[in-house]
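Top line first, the protein sequences correspond to chains A and B. At position 88 of the first sequence (counting the first as 1) the number is 69 in my numbering, and the numbers step up by one without a gap. At position 464 of the second sequence (counting the first as 1) the number is 496 in my numbering, and the numbers step up by one without a gap.
Just so you know, these hints were derived from the structure itself, not from any lab. Just so we're clear, the structure is a prediction, and the values are computed from it rather than from any experiment. Virtual Cβ for every residue (Gly too), placed ideally from N, Cα, C. Possibly wrong hints are sitting among the right ones.
[Unchecked claim] Only part of the chain B face toward chain A is listed, based on derived beta-carbon distances under 7 Å:
| hint | residue |
| --- | --- |
| 1 | Ile138 |
| 2 | Val337 |
| 3 | His339 |
| 4 | Thr370 |
| 5 | Thr379 |
[To be verified] Quick list of in silico lysine to any residue cross-link-like pairs, SDA-like style, CA-CA up to 25 Å:
| hint | chain 1 | residue 1 | chain 2 | residue 2 |
| --- | --- | --- | --- | --- |
| 6 | B | Lys394 | A | Gly234 |
| 7 | B | Lys394 | B | Asp282 |
| 8 | B | Lys394 | B | Ala383 |
| 9 | B | Lys394 | A | Ser290 |
| 10 | B | Lys394 | A | Arg113 |
| 11 | B | Lys394 | A | Pro49 |
| 12 | B | Lys394 | B | Arg481 |
| 13 | B | Lys394 | A | Phe53 |
| 14 | B | Lys394 | A | Arg237 |
| 15 | B | Lys394 | A | His31 |
| 16 | B | Lys394 | A | Leu292 |
| 17 | B | Lys394 | A | Asp135 |
| 18 | B | Lys394 | A | Tyr51 |
| 19 | B | Lys394 | B | Glu338 |
| 20 | B | Lys394 | A | Gln294 |
| 21 | B | Lys394 | A | Ser(-17) |
[Unchecked claim] Listing some non-contacts, in silico: residues in chain B with all C-beta distances to chain A over 10 Å:
| hint | residue |
| --- | --- |
| 22 | Arg39 |
| 23 | Ala55 |
| 24 | Leu90 |
| 25 | Arg101 |
| 26 | Asn104 |
| 27 | His110 |
| 28 | Ala134 |
| 29 | Arg137 |
| 30 | Glu338 |
| 31 | Leu363 |
| 32 | Asp376 |
| 33 | Pro382 |
| 34 | Gln391 |
| 35 | Gln395 |
| 36 | Arg428 |
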Amino acid sequence: MSTSHWPLLHHVLDDFTEPWADAAPVVLLHPGLGGNGRLFRAWVPVFADHYRVLRVDARGQGASPRPPGYTFSLDAFVSDVIAVLDRVEIDQVHWVGLSGGGIIGQHAAATIPDRIASLSLIATTPRFRSPRDDFDAWLAPLDHGDVAEFMLRDAEHRFGTDRPERTRWIVDELARTPAGTTAELHRWVRDVDLTGRLAEIRCPTLVVTGEHDVLTDLNDADLFVQRIPDVRLYVLRGHPHNVGYTEPRLVAGIVRRFLDEVTQRGDRAASDTDARPPLSAEQAHAVAQVAGLDLPPDRLATLTQTLSSFLTQSERLRAIELDDHEPPVITYDEGQARA
Amino acid sequence: MNERERRNLCFMSIADLGPRLAARELSPVEVTQAVLDRSERHNDELHAYITITREVALAQAREAEREIRTGNYRGPLHGIPISLKDNIATAGIRTSCASAVAPDRIPNADATVYTRLREAGAVLAGKANLFEYAFSMTPAFPQPPNPWRYDRTSSGSSSGSGVSVAAGLAHGSIGSDTGGSGRAPANVNGVVGFKATYGRVSRAGVFPLSYSLDHVTPMTRTVVDSAVLLQAIAGYDPRDESSSRAPVPDFHASTGRDIAGMRIGLARGYTRQDIDPDVVSVIDDAINVLQRLGAEVEEVQLPYVEHCVTLQQAIMLAEAASIHYHHLRELPDRLGETALMRLDLGTVIPATAYIHAQQVRKQMQQAFARLFTRVDIIAGPAAPMRAGEAGTWTTRLNGEEIDLRTTGPEYTGIYNLIGVPALVLPAGFSSEDTPIGLQLAGRWFDEARVLQVAHAYEQATDWHRRRPPNPVSG
């Protein structure tokens, strides 16, 4: 797939990692239909210490221009993102897509696998289904130019009801995209069906879905789990569709842990082969002798394995920086029981 | 009393039995006799006991009968037959630790927990089977099958404690729990296992596995019974330097309070993908029950869970190896295969790795203290899988073979590392009819709240009323 010749998408690359260290991995945050990168503001600090964070506004949405003649398609959306990656010289991203951003992410992971290191699908589906039988009636508020009315009539299942001021802010952000564009995007997405391509998604994949999501459901999650080879699923009890915007720290935290696991898996594979060669039987024998054990061959063979593996694991443990250096005495504050 | 009535006597809860003993409607001798007969009849198939202490039990029961008759009623455990895991010292009574290293060792002093149970008037029915030294298996001591399904494991290491309680061979038991040894058998045998806060219960006289992780655990058929047993054994003991001087509240008093507004953090496990679907649905159902009772539930992630395997290895194995150093050098042929493997590794764990692990553990405790400002209780599974095949360390989970020694730390061992109270109680069954439990953990020294939530859940369900099919229990 080629890079897009259209004007570059609006994007923000935040980098708070150590400037002197190797370039940090990049998390790409892709909003859903009608959204924009500002909705991810609370996500950035969750990743900022170890990852660069790239936020994009998709074509015609948020602050990204839509030139005349641009037709919405999965290929076009993905090409737009490739153009941004090329511009900022990033080979590979960990793609995090909310809702429609996850649909585009599935297409990207299947189409340009070399550039997608992992895929996090938040509140998304491989094939969109209208929550109402009458699709046009559902979109009517958008056709009349009212984004807020469109979003708020499913407020409970889109945003939850616990924080009205939060809902208002999210809806204001969504209203930055023209209502007509959001309507057109929904009419476009209705015909998208990626179920046949899920098996082509080879990267590690995380699926997070809210239990009370009105636009996707657990059947979609099951499809992902059944068809994507390397997948794990997280269902958030009681949460609505836009859980990525309503509970940014919760969802970003889940994604962060997934990414840490995925990136460390790479590190571990590298360190297993490069940094720490497996212990030899002679070395294990010497260590055991120093400790006072003279082992017969079968026990020595087992110890060689278990000690090698322990030393590799304990490197990860030793990498944890300690907050303080008080003596290792375990004490309990009994006052905690009454907290 | 006919056979069926005697059997029903064996399955009564301590809370139901106590008042009838106090009122002299039943005699401790009668109850003890029923438990001993049932235990002796079925021990060849169940291996729940290493030693059934018939003479001791009957003498203690007669004494209890005499005391109650003369108006000297000691309380809710008076005249109740219980079993003790066979790593708990009993003066004059063989305490084998289920090992061929010293299978006939006879201690000359009682463990503090046994002393306290005797002061409460409890009767020692026998010494329950366990994993060798609470962490290995040896052919010298065959392990009990699961009374719900004989081809499935009864887990461990407090295997005999779990089975004796589940199968009506004791009214309660005391086990030990270093990484889940009390809660894991509670989980698969369908009983209640309660590891109180580190320091709450004395470990003096309990053969150690790992000094800084060992806990002593009541195992019972109901939550109230758990509170009753804990009440008897909790509290400061100068013989155990880890013992806490924290005041011991009335645990029974906390059961029966409603849990409206209780903040519960749901910790599903590492990822849902790594959990048996039957476990997922049992936990989902349990959470629904808690919500219906008014609890507020939010999902939480357990800090440092990804390091638990390494932390537990570094700490437990190093401490165990220092305890068993001479056994390992002088009597290796008497130790089980797993004991050898684990102790060999423990012997060569670098001191710096051990100390660093203890420091990380402290940091982990602080992270949990922060988590416990948001939630009152952490709820979740006690294991990612259902009861596995009997007699092995591996089982299949969602098509993959896994080593049980690597899942324990993330689900149960995590609460030994941080030292908070954690209770497992029956919450449902797998498609193979083996029990699956719900685990509830609370703040340090806040056992009362754990019992409160557990009791509310138990009273809203009837899992604790089921009896296993084996041996005959109907």
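Legend entry - Violated constraints from the hint list, given by number and in increasing order: 1, 2, 4, 7, 10, 11, 13, 17, 18, 21, 30, 32, 33, 34, 35
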